[in-house]
Structures are given as structure tokens and as C-alpha cells.
Amino acid sequence: MIGQTTLLASAFVVPFGMLLLCLWPQILNRMPSLLAFAPIPALAAVLLVATDSSFAIGSARFHLTFAMDRPGAMLLGVSALLWIAAGAYASQYLQNRPNHGRFVVCWLMTLTGCVGVFLAADMVGFYFLLALLTLGACGLVIYHETPSAWRAGAVYIGLALLAEAFLLMAFVLLASEIPGNSLLIRDAAAALPTSPQRDLILALLIAGFGMKAGLVPFHFWMPLAYSAAPTPAAAVLSGAVVKASILGMIRFLPLGTALPDWGTAIAAAGLFAALYGVVIGITQRSPRLVLAYSSVSQMGFIIAIIGMGMLTGDGRAALAAAFYAAHHVLVKGALFLSVGVIAATGSRRLWPMLLPAAIIAVGLGGLPLTGGALAKFVADELLGDSTASTIATLSAIGTTLLMLQFLRHLASTASQDPQATANAGLVWPWLATAAVSLVVPWTLYLTVPRGTLPDPLSAAVLWKALWPVLLGGALAMALWRWWRSMPQIPKGDIIVALDGGVRAAVTWGKALQRTDSVLRQWPAATVSLLILTVALGAAVLAR
Amino acid sequence: MPDANLLPDATTTDGVFLVLAIVLPAAGVLLSFVLGGRYAERIALVLLPSGFILATIILVDVWQSGHRLVYIVGDWKPPLGIALRADGLSAAMMVVMAIVFCAVAIFAYADFGTRAGSAEARAPFAFWILLMAIWGAMNLIFLGGDLFTLYVALELLTFAAVPLVCLDGRAETLQAALRYLIFALLGSILYLVGTALLYGSYATLDIVLLSRQIRAEPATLVAAALMTIGLFAKTALFPLHLWLPPAHAGAPAAASAVLSAVVVKGSFFLVVRLWFDVMPGMLGGAGAQLFGALGAAAIIFGSVVALQQQRLKLLIAYSTVAQIGYLFLIFPLALDAASGQLQGSGALTGGIIQAISHATAKAAMFMAAGLIYAALGHDRIAELGGIARALPMTIFAFALGGVSLIGLPPSGGFLAKWILLEATVATGQWWWALVILAGGLFTSCYMFIVLSRAVAPSGAPLKLKTAVPKYQEAAALALALTSLLLGLVALGPIDIIEVGRPDSIMVGSR
Amino acid sequence: MNAATLFGLCGAALVGLGLYGLVTNPEPLRKILAFNLLGSGVFLVFGVVAKRAAASGLGGDPVPQAMVITAIVVAFAATAMAIALVLRLLQETGRSTLSSDTSAATDTAGADS
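First to last, the protein sequences are chains A, B and C. Heads up, my numbering is the position in the first sequence plus 75, with the first residue counted as 1. Heads up, my numbering is the position in the second sequence plus 30, with the first residue counted as 1. Heads up, my numbering is the position in the third sequence plus 193, with the first residue counted as 1.
Note that these hints are calculated values from the structure, not bench results. Built from N, CA and C at the ideal position, the CB exists for glycine as well. Please note that the accuracy of each hint is not assured.
[To be verified] The following residues of chain A were derived to be distant from chain B, with all beta-carbon distances above 10 angstroms:
| # | residue |
| --- | --- |
| 1 | Leu169 |
| 2 | Ile232 |
| 3 | Leu237 |
| 4 | Val536 |
[Said to hold, decoys possible] Cβ-Cβ distance ranges computed for the label pairs, FRET-style:
| # | chain 1 | residue 1 | chain 2 | residue 2 | range |
| --- | --- | --- | --- | --- | --- |
| 5 | A | Gly584 | B | Trp461 | 18 to 28 angstroms |
| 6 | C | Arg223 | B | Pro248 | 26 to 36 angstroms |
| 7 | A | Gly584 | C | Leu280 | 33 to 43 angstroms |
| 8 | C | Ala270 | B | Leu61 | 18 to 28 angstroms |
| 9 | C | Ala259 | B | Ala504 | 46 to 56 angstroms |
| 10 | B | Val46 | A | Ser128 | 52 to 62 angstroms |
| 11 | C | Cys203 | A | Val602 | 23 to 33 angstroms |
| 12 | C | Arg288 | A | Gln101 | 53 to 63 angstroms |
| 13 | A | Pro173 | B | Trp461 | 21 to 31 angstroms |
| 14 | C | Leu283 | A | Gln101 | 57 to 67 angstroms |
| 15 | A | Trp426 | B | Lys495 | 43 to 53 angstroms |
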């Protein structure tokens with residue numbers, strides 16, 4: 076048991092320790108080559124530690140608890156795989172680039188936060204690690220220090236902190252609902268359905284996690300951040316980091332209790348985002364932006380699964396959403412890495428590189444036998460034969476189309492030099508992630524309790540997965556042939572509206588400043604002193 | 031006159047430490063005047079760490095015994111005599127202030143130290159004496175047991191703080207000091223009228239005796255209102271903050287750190303003493319909401335104006351205006367609607383942790399700003415580019431201080447915010463929760479602006495005016511780390527603040 | 194009207210005068226004088242308090258008188274310090290007005306921009 080606890084703790088203590096070691100410049104210089112090793116304890120913990128084991132730090136009355144639950148373990152495991160591959164990619168990526176130190180520090184901060192969030196079992200720890208995650212991720216986004224990177228970083232951290240403010244309020248409300256002194260997420264989720272403040276808390280939770288998950292209309296940070304971040308960072312941000320919010324939803328929302336109103340609202344918002352991301356994504360030209368909008372769509376779909384679970388009170392939604400998310404971790408990570416690899420590859424060697432990317436990309440649309448098909452199959456059980464299922468099929472068609480669009484733009488970004496080959500240090504991590512993304516969903520599927528292998532391989536299921544892909548492919552052909560003048564939609568689409576808000580805020584700020592300088596005049600200040608005295612006197616006399 | 035035998039107030043075993051805490055700084059100031067010159071610095075550098083040890087002893091004593099330490103001066107019992115009392119609240123504040131003083135002393139050694147062989151100057155001499163005087167005045171504020179002693183302590187504090195503002199003798203700092211002095215005097219006169227009225231009604235100013243006799247009469251309530259507003263003026267609570275930005279932004283870095291971290295907390299502490307200890311049942315709903323409204327206005331105005339500052343030190347000064355606002359939110363949150371009493375747990379604990387975490391964080395930030403100013407020769411935010419590469423430790427300290435102000439875990443700011451938010455939920459006053467959360471967002475905005483400028487590359491290669499000593503950076507970083515890790519006290523003895531309070535019910539704040 | 198009320202009214206009048214001067218006068222020296230006027234008014238109130246508490250047969254309660262003496266010393270020290278600052282300001286700038294009421298507004302508006 077002690078061994079298990081140690082292993083569980085080492086999952087985030089090791090990256091955190093490495094972060095502290097960065098204080099020494101000599102170690103910091105060597106750290107890029109060690110990045111791939113930091114997530115290994117997390118992977119080991121997932122493989123070796125029994126589910127539902129936990130440990131606590133602190134005094135008897137107040138402590139931080141860490142535990143491994145099933146959805147958390149699933150996401151942590153695949154995230155650790157992605158972090159390892161992306162870490163290996165990053166160590167190559169960082170060669171001949173400035174500012175190693177800052178990248179490494181932000182990377183380790185993000186990693187610590189990411190692993191910790193997956194393990195945190197109480198609200199304070201969850202909030203702390205989420206904040207650490209946000210700060211580190213913001214640092215990664217602005218790594219290139221271009222004006223657009225700064226803008227992306229500002230938007231990212233602004234929205235993330237706003238989301239955390241919502242979450243903090245929700246957590247405090249939840250803490251007041253839990254009988255006793257417990258701060259455990261489990262107890263909070265149990266107390267939520269019967270709480271008198273239920274609707275307020277749910278609204279705060281969904282707003283907070285929705286912003287972090289890029290739910291439309293809070294999706295605009297995703298295209299900005301993922302196009303600005305360095306390639307390995309974009310891979311882990313879009314793959315692993317954003318799943319923290321999904322896990323938050325799974326843990327906090329009362330999925331075992333039927334809340335039809337909320338379930339419908341969440342499912343509708345998620346499905347809308349699933350389609351919205353596809354529609355806007357098709358108009359984008361840069362492969363990273365297409366991927367970012369695909370993330371908007373996929374995250375929407377995962378949220379829809381959770382919503383359907385709430386609608387029917389089906390507790391299986393937790394694992395289904397986690398499974399779909401786990402698949403998305405690997406695929407999105409691999410695809411972002413491929414952007415970097417293809418950009419360094421010339422036309423001569425393009426096909427061997429492009430083919431794996433094509434398989435996993437179309438797999439996201441549900442190509443049979445890939446993890447994507449499996450994920451959709453698992454999700455389908457929850458969606459049932461409702462409107463939701465129809466929209467899900469639409470989104471599968473759209474995703475196929477979007478991914479083909481991505482491949483087309485990806486091929487066009489290949490290196491000008493036909494002989495160019497990407498460095499092996501970039502290629503291998505990418506190929507490994509791609510391979511893992513095909514294999515791991517099947518392995519995970521076997522661990523999902525009610526899954527049996529033959530089912531997803533039946534002809535009907537295969538055909539159900541195949542025809543949207545074929546239709547998507549046909550649509551793509553048609554699109555490329557007949558519709559040449561796509562509308563230009565700026566990245567982040569509705570963020571344009573935000574600029575107006577900023578201008579209004581500046582005007583208000585100036586007005587407040589003028590008021591302040593009037594109040595700081597001597598006569599004004601002394602008169603307000605007298606007025607306050609009278610007011611306070613009146614207030615206490617009238618009580 | 032109450033029967034003296036009924037008073038539980040008698041000098042406790044370790045009461046003599048309380049006298050030492052006041053006599054040490056006073057002796058240091060007097061000795062420095064006698065010996066003169068460079069001895070002031072040596073005396074201060076010896077006495078300040080011993081003050082920290084002394085404060086720690088008092089804290090441990092209070093914690094272990096579970097009741098307050100008392101010393102009856104000259105064995106003359108109140109109401110005629112003067113009592114010194116240390117409860118958990120004052121002991122905790124003393125320790126934190128001692129930490130800040132020690133860090134400031136280390137930091138100031140670079141700017142105000144007289145090296146062997148160099149000529150003695152007046153500014154360093156004055157600085158060390160004033161530092162010790164502020165320390166003594168603060169200890170008296172924390173320990174003083176009657177309202178008139180506290181008045182004297184408050185005046186000592188002001189008289190020691192004002193010259194710190196204009197230590198460099200420039201015209202604008204002299205003006206800032208003069209405004210500060212006159213406005214503070216106006217505040218202290220109001221306080222004095224209040225004490226006169228209270229004495230007229232109860233024939234005692236001793237806190238414990240008063241709290242037993244206090245009645246809700248017009249004279250008492252008017253006195254309380256006068257004293258409170260006087261203290262607000264000295265705390266620079268919005269809209270009475272006219273003196274704070276120029277004074278805190280103009281002073282030398284070490285002085286700014288003391289003024290922002292320590293001095294404003296003195297008068298805040300008296301507001302707490304007055305309403306929580308002397309007359310916990312007098313404030314009433316309307317009064318408490320007025321306190322809260324002023325605090326909320328301070329948070330919003332201070333933060334928004336800070337966002338628009340072009341100079342770093344002014345930005346930090348306005349951030350102080352905003353952070354002071356949080357301290358006054360505790361009044362509506364601590365008010366128990368059923369009994370009309372201010373409760374000495376929960377929100378009060380949150381407010382004190384906020385005061386402590388702000389003290390450490392803000393001192394670190396002013397020190398960092400001072401180092402940046404020294405290195406660049408200016409503190410214009412728009413031109414900070416490249417400084418993060420030149421002074422990484424300084425910027426790190428600044429950022430950690432900011433993390434605490436924003437209220438991210440595990441900082442003390444987070445713990446305070448959590449406790450205050452819990453209190454808003456418990457009392458159903460959601461509007462204060464909005465203010466608390468919005469304040470955090472504003473704070474992160476201005477921190478982002480400053481840090482993004484600081485880490486941006488500089489156009490031209492950066493030439494530092496002076497080399498910054500490592501120990502100065504270390505002092506700032508140590509304070510910032512203290513503030514960052516303060517949240518971890520939640521894992522330990524957070525109840526210390528409630529020890530020795532009349533209404534202490536050890537509920538804890540989780 | 195007994196003596197205590199008369200003293201009280203005098204004190205109130207002084208406080209009013211002092212406050213008016215403190216609020217409206219831009220000259221620092223006059224502000225300091227106004228502060229002293231205000232202080233004197235408050236000290237008179239202390240006298241009233243001492244007189245009223247003297248019902249127990251003594252001529253007056255000694256404690257408020259002790260307080261007043263302390264407060265007078267404090268006020269004296271404050272005045273001395275304020276005068277020193279004004280004088281120093283005069284040396285530095287050649288004028289002793291507290292005109293920073295307006296300059297303080299500009300320094301936030303970006304004198305350095």
C-alpha cells in the first residue's frame with residue numbers, strides 16, 4: 076500500500092521536483108532532454124496503482140486529497156503517453172531555439188498541473204492545480220513573443236481566469252452544501268442534486284468548465300492559442316490540457332441523477348458547438364486553425380455526451396465521455412505534431428509522412444477499425460435514436476470533410492525543398508503517438524466494463540461508421556471541385572465583437588480615473604470625510 | 031468603579047515579553063540618537079531580528095496557553111492604569127510585521143547602509159531610526175490595551191511614517207509628505223474626539239472594561255463613528271486615499287515597502303479592535319454595509335485606476351488602495367444577522383490573512399519595483415522591456431507577489447478569498463462575492479500588463495545603471511515566497527487568530 | 194447655561210472654524226493653524242468631560258486632564274513637524290503652497306508617457 080501511495084504521489088511530485096530543480100541554471104540547461112521522462116511516473120501510476128486508491132497531505136481537519144478514479148486514470152494514462160511523446164518532440168524542437176529556460180519551466184508547470192488535476196480529489200487541490208496549469212499554458216502560448224502570440228496569451232489567460240473565478244464561486248457554494256468539513260469532489264457531487272442552490276452552482280460550473288473547454292460561444296481562445304503556441308505545446312494543450320475541463324465536468328456534475336432541463340441544455344450547446352466548429356473550420360486556410368476548430372467541434376461533442384448522460388441520469392456517460400476524450404487526446408496531439416513534421420518534409424518524402432496522418436485524421440471522423448470509430452460507437456449507446464444521434468452523424472460527416480480539408484492544407488505546407496527530411500527526433504515521437512492513438516483505444520475499450528470485442532466489429536456497426544466517412548469524402552471532392560471562393564472568416568470569429576467591448580471598457584476606465592482624480596482633490600477629500608462621518612453616524616444611530 | 035478583584039486582568043507569567051516588545055524599539059531609537067551616525071544602522075540590524083524572535087516567543091506562548099498574555103504596567107490596574115494585552119490576533123500580526131521589518135532591513139542595507147570608511151549621511155541615520163520607531167509604534171498598537179494609549183501609538187506611527195516619505199528631500203515628496211501629515215492629523219483629531227466622548231460616558235478607555243459596559247447610546251455611537259472615520263483617513267480607505275498614491279510611490283523603495291505593508295495596517299487593526307472587541311454589537315446592518323460599500327468602491331476604483339498607470343510604483347500604490355478595500359469587506363460578512371454581533375471567526379480570520387498576505391506580497395513588490403527603478407533609472411511600464419532577462423529573480427518575486435494578490439492557490443491571498451467567499455455564502459450576501467471575484471480579475475489584468483512588458487525583449491541592448499546586489503533580490507523573493515506559501519497555514523494553526531477573543535468559539539474557517 | 198455647556202459650545206465653535214479652514218484654505222500654513230484651532234476645540238471638550246465627571250465631589254476628574262496634556266504635546270509635535278516640512282518645501286521650490294492638488298492629478302494621467 077505504501078508503495079502504491081508513493082507511486083501515486085510521484086506522478087506529480089516528480090514533474091514538480093524537476094520544476095524546482097530548474098532554479099539551478101546548470102540543470103535548467105540540461106532539462107530539455109529530460110522532458111520526456113517527467114510524465115513516466117504518471118504512466119507507471121496508472122498502470123500499477125489500483126483504482127480508487129488515495130492519499131492525503133495535511134492536518135486532520137484540512138488536507139489535500141489525491142485519488143485515482145476510473146475516468147481520471149483513463150485520461151491520465153493517455154495524457155501521460157502524449158506528454159512523453161511531445162516531450163521527446165520538444166527536446167528536438169528546442170535545439171537552436173532561444174529561451175529554452177522559459178519553455179521548460181512553463182512546460183513542467185503545465186505538466187504538473189495537468190497530472191495533478193487528473194488526480195486531485197478535493198476542490199482546493201483541483202483549483203490550485205488548474206491555476207498552475209493555466210499559468211504554465213499561458214506561458215507556452217506566448218513563447219514565440221510575436222504580437223499575435225501575446226494577443227492569444229492575453230485572451231487565453233483572461234478567459235481562463237474568468238472561468239476560474241466562476242469555478243471558485245461554485246466550489247465555495249459546494250463547500251457550504253457538504254455536511255461536515257469535507258472538501259472532496261465526490262461529496263460535493265453527491266450533495267449537489269439536493270442542494271437549494273443547485274441551479275446556481277450548475278450554471279457556474281458549466282460556465283467555468285465550458286469556457287475552459289472552448290464551448291461555443293467561449294471557443295474563440297482555441298484558434299488563437301493553438302495557432303500561436305509552439306508545435307509540441309499546441310499538441311499537449313489541445314490534447315491533454317483541455318481535457319482537464321472535461322474531467323471537471325465528469326467529476327462535478329451529478330451524472331447519476333436525471334436533470335432533464337440541464338441535460339437538454341448542455342447536450343444542445345455541445346451539439347451546436349460540434350457543428351459550429353466544423354462549419355467555421357472548413358473556411359480556414361491554415362492546418363493549425365483547422366485543427367483548432369476541429370477541437371471546438373470535438374469538445375462540443377464530448378460535452379454533448381455528458382449532457383445526454385444528465386438528461387437520462389445515465390451514469391455510464393462518465394466513462395463514455397472519458398473514453399471519447401481519451402481518444403481525442405492522442406489523435407489531436409498526433410495531428411498537431413504532424414503539422415510540424417510535414418512542414419519540415421519535402422515533396423519527395425511527403426507520402427510516407429502524410430499517410431499515417433491521413434489515417435488518424437479520417438479516424439476522427441469515424442473510419443471503421445480506428446479508435447475514432449470505437450469512440451463514436453461507445454458514444455452512440457448514450458445518444459440513442461434521438462435527434463442527438465442524427466446530429467452526431469452529421470457531425471461525423473462534417474468532421475470527415477474537415478479532416479480532408481486539413482490534409483489538403485497540410486500537404487500544401489510541406490517544405491519547399493523537395494529533398495528536405497524532418498529530423499528523426501521529430502518524426503519518431505510523432506509516429507509513436509500516431510501508432511498509440513490507433514492501438515490504445517482498443518486496449519482501453521477492453522477495460523470498459525460492459526464492452527465486448529465482437530460487438531463493434533459486426534457488419535452493421537461497421538457500415539454505420541463507414542457511410543458518414545464515405546459521404547464526407549464525397550462532399551470534400553465536391554467542395555474542392557465546385558466551391559472555390561470560400562468566405563474568409565478571421566480566426567477566433569466572434570472575437571471581433573470582443574474588440575468593441577474592450578473599447579467600451581477603456582472609456583469606462585477613463586471615466587473612473589477622472590472621478591478618482593476629482594475625489595483626490597483636497598477639498599473633495601475633506602468634504603467626503605465629513606460626509607462619511609455623518610453617514611456612518613446616521614447609520615449606526617438608525618440601526 | 032468596578033471591583034478590581036473581579037478583573038481577570040493580572041500580569042501573566044510571560045507578560046514581561048510584551049513590555050520588551052515596546053521597550054526594545056524605543057531603547058533602540060534613543061540609543062541611536064545618543065550614539066549617532068552609523069550606530070543607528072548597527073542597532074537596528076541587531077534589534078530587528080531580536081524583535082522577530084520576541085514576537086515568535088509571544089505567539090508560541092499565546093498558542094500554547096490558549097489565552098492572552100497580559101501585563102499591567104506598574105501594577106496600576108485599569109481603569110486608572112494601563113494594560114498591555116496580546117491575543118492571537120495581535121501576536122500573529124506582530125510576527126508577520128517583524129518578518130517584513132527584517133526583510134526590509136536587509137533590503138535597505140544596500141541603500142541606507144554606511145560602509146566602513148565612507149562619511150555618515152543624514153538620510154540613512156534618519157531611515158534606521160524611523161524604521162525602529164515604526165516598529166515600536168506598531169507593537170504598541172498591537173499590544174495597547176486602552177484607546178488613549180492606542181491614540182498615542184497611532185500618532186507615533188504617523189510621525190515616524192511621514193518623514194520616511196520625504197527622505198530624499200525632493201519637492202514632490204515633501205508635498206506628498208505634507209498632504210499625508212495634514213490629512214492624517216485630521217483623522218487623529220476625529221479619533222481624539224471619539225475617545226473624549228467615550229471617556230465622558232464610561233470613565234474608562236480600557237478595551238476590556240469598555241466592552242463590558244458599552245451601551246448603545248447616542249454619545250457612544252457618535253464617538254464610534256468619529257473614531258472610525260478618523261481611522262479610515264489614516265488607512266486611506268477610498269474615498270479618503272488622496273495622500274496614499276503620491277506618498278507611497280514617491281518614497282524610496284524600502285520606505286514604500288514599510289508604508290504600504292505595515293503602516294496602513296496599523297490603523298486598520300484599530301478599526302478591528304474598536305468594532306470587534308470594544309463594541310461588537312453596535313455596528314448594525316446599515317453601518318456594516320457602508321463599510322463594505324467603501325471597501326468595494328476601493329477595490330473597483332483602485333484596480334481600474336491602477337490599470338491605467340504608466341509608472342510601476344504608482345500602479346503598485348493604487349493596487350494598495352484596492353487591496354485595502356478587501357479588508358473592510360469583513361465587516362458586513364462578520365455580522366451575525368440574528369444577534370447583531372460581529373463574529374470573531376470566519377470573515378475576521380479571512381480579513382487578517384488578507385492583511386498579512388498583502389503585507390508580505392506588497393512589500394516584496396515595492397522592493398522589486400525599487401530594484402527595477404535602480405537598474406533602469408526609471409519605472410515607466412511601457413519601457414520595461416528586457417528587464418526580466420537582466421533581473422530574473424526580481425521579476426520572479428514581483429510575479430509571485432502578484433500571484434498572491436490575485437488570490438491563486440496556495441497563496442495567502444487565496445486562503446483569504448476562500449474564507450471571505452465562504453462567509454458571503456453563509457450570510458447570503460452574494461454581491462460582495464461579485465466584488466471579491468472581480469477584484470481578482472482586475473488584479474490579474476494589471477499583473478499581466480506589467481509582466482508582459484517585463485519579459486518582452488528590449489529594443490536596444492539593456493544597460494543597467496547599477497548592479498543590483500543579490501541579497502536585495504533575495505529579500506524581496508523571500509517575502510514573496512512567504513506570501514505565496516501563507517495559504518499552507520490552513521494545514522496548520524489557523525485558529526491562532528481566534529485565541530483570547532471574548533467571543534472565541536473556535537469554529538474555524540476550514 | 195452652566196460653565197460646562199459654555200465650554201462645550203466654545204469647543205464646538207472652534208472645531209467648526211478649524212474644520213472650515215482645513216477644508217477650504219489652500220495655504221499649508223493656514224491649514225496647520227486651522228488644525229491647531231480644531232485641536233484646541235477638542236481639548237476644550239476634554240475639559241468639559243473632566244468637569245462633568247466630577248460629580249463625586251472632586252473639583253475635576255484628573256484623567257482627562259492628563260490626556261489633554263498628552264494630546265497637546267502630540268499636537269505640538271505635529272505642528273513642529275508640519276512647519277519643518279513647509280519650510281523645507283519653501284527652500285526647495287521657493288513657494289509654500291500645496292499646489293499639488295492639481296499636479297497629483299496629472300502625475301496619474303501620465304506625466305511620463
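| Can you list which hints this structure breaks, lowest number first? | Numbers 2, 3, 13, 15, in rising order.
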